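Heads up: the sequence shown begins at 0 in numbering that gives the first Met the number 0, then just goes up one per residue.
Certain hints may be false.
What the hints assert, rightly or not - List time: in silico BS3-like cross-link candidates among lysine-lysine, alpha-carbon distance up to 27 Å:
1. Lys54 / Lys100
2. Lys36 / Lys92
3. Lys15 / Lys92
4. Lys138 / Lys88
5. Lys54 / Lys152
6. Lys15 / Lys144
Calculated from the structure, these hints are not laboratory results.
Quantities reported herein were computed from a predicted structural model and do not represent experimental measurements.
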Amino acid sequence: MNNDLLFDFTVDKAAKTVYITREFNAALALVWDAFTKAELLDQWGAPAPMRAKTKYMNFEVGGRRVYAMVSPDGQERWAVQEFTSITPKTNFKMYNAFADKDENRELPGSAWDYVFSEQNGRTTVCITIYNESFERLEKLLEGFKIGFTMTLKNLEDLLANLS
Numbered sequence: 000m001n002n003d004l005l006f007d008f009t010v011d012k013a014a015k016t017v018y019i020t021r022e023f024n025a026a027l028a029l030v031w032d033a034f035t036k037a038e039l040l041d042q043w044g045a046p047a048p049m050r051a052k053t054k055y056m057n058f059e060v061g062g063r064r065v066y067a068m069v070s071p072d073g074q075e076r077w078a079v080q081e082f083t084s085i086t087p088k089t090n091f092k093m094y095n096a097f098a099d100k101d102e103n104r105e106l107p108g109s110a111w112d113y114v115f116s117e118q119n120g121r122t123t124v125c126i127t128i129y130n131e132s133f134e135r136l137e138k139l140l141e142g143f144k145i146g147f148t149m150t151l152k153n154l155e156d157l158l159a160n161l162s
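With the hints as extra help, turn the sequences into a complete structure.
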């Protein structure tokens, strides 16, 4: 990881919220596309050795992304993301829930808020994740931090190759 790029991962258990700030050495338009286009998300959106596979994605308010993280032996862990707000190249919000392959959601889920900004050719992404359930947050937290840190490193590598 590029050590001069900002990376912060903070958990407020009382508020059931995770705050992630990550800086990338890439233009905002490219980082935005990496978070909002299925063909790019599938290249970085799962921690190795898993891979992401999007069933479909409709990036508009009320639209959804249905995807799986696929293990090397073919096991799939599905999720549904529903986009609730989009301000192009600045912010989008979504509701995320695990699901089965037929899109039946496992509730409770979490609300994600992404904020994008660019300064001096670097893009900062601030992500706020509110979990509806403290138990869900507790259950996911350790593995989530490790896995999400790995996926953001995947994104850093992809952006370096695309820039």
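Results for each hint:
no., hint, result
1, Lys54 / Lys100, "9 Å, holds"
2, Lys36 / Lys92, "15 Å, holds"
3, Lys15 / Lys92, "17 Å, holds"
4, Lys138 / Lys88, "32 Å, violated"
5, Lys54 / Lys152, "23 Å, holds"
6, Lys15 / Lys144, "15 Å, holds"
The structure does not agree with numbered hint 4 stated previously, though it agrees with all others.
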